[in-house]
Amino acid sequence: MARYDLTFAPRLLSSACAAAYLGISETTLRTLCLPRRILGTRRLYDRYDLEAFADGLEIESS
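For the sequence shown, our numbering begins at 1 and goes up steadily by one.
If a hint is listed, it holds; no wrong ones were tucked in.
Quick list of the computed label-pair ranges, beta carbon to beta carbon:
{"id": "1", "residue 1": "Arg11", "residue 2": "Gly56", "range": "17 to 27 Å"}
{"id": "2", "residue 1": "Gly40", "residue 2": "Ser61", "range": "42 to 52 Å"}
{"id": "3", "residue 1": "Ser14", "residue 2": "Ser61", "range": "28 to 38 Å"}
Please keep in mind that the hints were generated in silico from the structure rather than gathered at the bench.
Note that the structure is predicted; figures quoted are calculated from it, not measured.
All C-beta atoms in this analysis are idealised placements derived from N, C-alpha and C, irrespective of residue type, glycine included.
Based on the sequences and whatever the hints tell you, model everything.
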């Protein structure tokens with residue numbers, strides 16, 4: 001499969017890309033039990049689910 005330099009984030013992400021998108025390790029990503037979409041034999045994370053998860057994180061107060 002060819003690799004392309006994208007100027008936008010794809011909707012469905014592999015675990016490596018999803019972890020990078022959130023700024024966490026793949027190991028940490030797997031512990032979060034986030035939903036995945038099935039595309040053939042691949043299990044992919046939906047960017048919208050990742051954003052909803054990040055939006056729900058506690059905000060540090062000063």
